[in-house]
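Taking this note's numbering, the leading residue of the first sequence gets 1, the next gets one more, and so forth.
Calculated from the structure, these hints are not laboratory results. A portion of the hints provided could be inaccurate.
[Claimed, not checked] In silico DSS-like links for lysine-lysine, alpha-carbon gap of 30 Å or less:
#: 1; residue 1: Lys257; residue 2: Lys286
#: 2; residue 1: Lys284; residue 2: Lys257
#: 3; residue 1: Lys248; residue 2: Lys286
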Amino acid sequence: MRLGLCCLFKDEPVRFRTTTATVLARLGHPAQLLKLTEICRSNAENLLLAVQTAQRLGIGAFRIMSPLFPRMTHPLVGYRLDQLADGETIAELLAATGSYARRHDIRLSFHPDQFVVLSSPRPEVVANSIRELEYQAFLAEAVGADVINLHAGGVYGDKKSALQRLRHVIDDLPQPVRSRLTLENDDISYSVSDLLPVCENLSLPLVYDVHHHRCLPDGLSVEEATRLAGETWHRLGREQYCHLSSPKAGWTGRDPKPHADYIEPEDIPSCWFDRAMTVDIEAKAKELAILRLISEIDTIRRDKS
DNA sequence: GCATGTCAAGTTGTG
DNA sequence: CACAACTTGACATGC
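Using the sequences plus the hints, can you model the full thing?
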């Protein structure tokens, strides 16, 4: 099990900056690009630092935050790297991050946020989503990330039609996106058994989120879901990717969906131990949760042997 | 200094 | 029907 960190550190001095479209739009064009250069260069430096820090802590994967280059695809204030004064420096930092990650076997991924929806019946929503995916694929290419992971989106009262729209849109995606795209089961609409046929049909890997599966059961056991999702990766000769989190208020609490600060060791599926796979840890305490988990797993291993 | 409201975008379920 | 939740913060503003 290779453990992965999502986007941010809690105690380590790695910080990502951002800005808003409103602020950028108020600035004149030169000032706008100056501000963006500052932020993008700082974020590229911190991305390299993030991967180096992950390596130092024994973390084997890192999910890169979507707004690494904030508002890059915005219709009004969007921009390209070559428009920024430090564009070349920034590109070199991304390349350095990629080669560091490769050298130390840190797996990199992306997880576009809730606005990226490929199953929507609204064409403008799908078009914006594709633009955002192309931006993330450009970043992924630059740093050598092999995964851009997405939820299936809304149901719109008819799951079958939604999935059919999703299939067609995915099939027409540009290659840099398509070759990295994965689908993840969510906790309200699409379960593993909903997504498996789509993934098998399109040769798309399925990211198995065991917490979502426990919130939205589908008749499959955790072991079956792990194995079936795993096959979608292994068929392509790739390492399986999964997500793990614990409920903030426990499994008996009112709503199990919100994530806790740390991972309850009991929430780790026993079939995941000693399995060759990447597991992103979605815990609010970020790297602290992973460090605690690593030592707890060591203890469990020692007790077993 | 510090507290507070805002942030491009979608969809669903709750109060 | 408005609003929070979803990986969350971080930033700009106003006191």
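Evaluated hints:
1. Lys257 with Lys286: holds, 17 Å
2. Lys284 with Lys257: holds, 13 Å
3. Lys248 with Lys286: holds, 14 Å
Going through the hint list in order, the structure satisfies each hint without exception.
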